[in-house]
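*Asks:* So the chains spell out like this:
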Amino acid sequence: MAVTMSGEVVLPADRATVWRRLNDADTLKASIPGCESLEKLSDTEMQAVAKVKIGPVSARFKGKVQLTDIDAPNSYRISGQGDGGIAGFAKGGANVRLSDEGGGGTRLAYDVDAQVGGKIAQLGGRLIDSTAKKLADEFFANFAKALSADT
Amino acid sequence: MYAFQYHRPETVADAAGLLAANKEAKLLAGGHTLIPTMKQRLANPPAIVDLSRVAELKGIDKRGSALVIGAMATHDEVAGSAAVRAAIPGLCELAAAIGDPHVRNRGTIGGSVANNDPAADYPAAVLALGATIATNKREIKADDFFKGLFSTALGDGEIITRISFPIPGKFAYAKFANPASRYALVGVAVAQSGREARVAVTGAGSNGVFRHKAAEAALAANWSAQALANLATPASDMMSDIHADAEYRAHLVGVLARRAVAKAG
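Chain order of the listed sequences is L and B. Going by this note's numbering, 89 is the number at position 89 of the first sequence; the sequence numbering is gapless. Counting the second sequence from 1 gives a position; this note's numbering is that position plus 151.
Label-pair restraints from in silico Cβ distances:
| id | chain 1 | residue 1 | chain 2 | residue 2 | range |
| --- | --- | --- | --- | --- | --- |
| 1 | B | S315 | L | D137 | 31 to 39 angstroms |
| 2 | L | N74 | B | D251 | 52 to 60 angstroms |
| 3 | B | G210 | L | S37 | 41 to 49 angstroms |
No wet-lab data here; the hints were simulated from the structure. Treat the numbers as computed from the prediction; the structure is a model and nothing was measured. All C-beta atoms in this analysis are idealised placements derived from N, C-alpha and C, irrespective of residue type, glycine included.
Let's have the full structure, built from the sequences with the hints guiding it.
*Replies:* In structure tokens:
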């Protein structure tokens, strides 16, 4: 099934810093909910393993993403796929745009377009959108915390 | 289902000990959420702690001005309980309309509340009635308990023992059930105690059960379905899925809130 989601979040750091941290493996590992490992294969390719727990469901996803349409420090597209074994899969991408926000902060806007398939889509169809939003919110809360910890 | 260790303790203390010894162990209450998930291999706990023989968790009775329901009371037991009917009859009706007979024979109030499925019925009643959730470690007020999608204030190894409902002046629950699963597409619970009105909505919010402040204010001033005639619910906070979109859910919240108030009397 298709999943589309857009949102905006204001982060407590300037644009150059946000851009740098979005591309930093350690920051991403600390931000992705349930992330167990994350390696940069190149400047534009990463792979990660994350354990996603929602209610009774607990599934481990192995993902690989590429960064394209890179316009530093303004925007990029992150796309790829995650394989959850028996739980199913997700593939798609997000367009991420940064802009300056008052008070030295940065506004990050994202548009996600993805396909979720397999058991989680079949059995959890009613929860996919709210789960995606919950995971996105958790990611940005963790990311903002990582940014503040540094300053 | 993958292999797992099965434990069936007879006391809460033993159950807590088993959880402490194995951080990945899961509690088994009615099993209608956990077992199907395990059968699909979407959850693989190494150990299950079955609470069905823990006598301390059963029982329904009135204690002073509160109705106290044991965590392992099944939906069928609550629906048929003379004590519940005498104190909060709307709760009997809510329990009688959960899922289907298979679910009602096994499902428990403790399991439902601990799981906090965003479409479950009990969380709306617990929140609207301002109940207190007692665990093996402390007591948690309903307003502090529900934290979002499948999220509660329960810590690791914490076990719900009973839920205490202050007996209200009026209470009713109205839901628009998904015709297949009987989950609440939208469910609204309303309670009145003295001049205070509490309204809790399940099934609709993108972040789980929530209190509808605008509805509460309108009903505190005038307890009637008319008071909610133009009740607005922001569609942006509503869940959209294959069953209903956000705007429809927002609309249903108003319809069901009015029906619940009419039912409550």
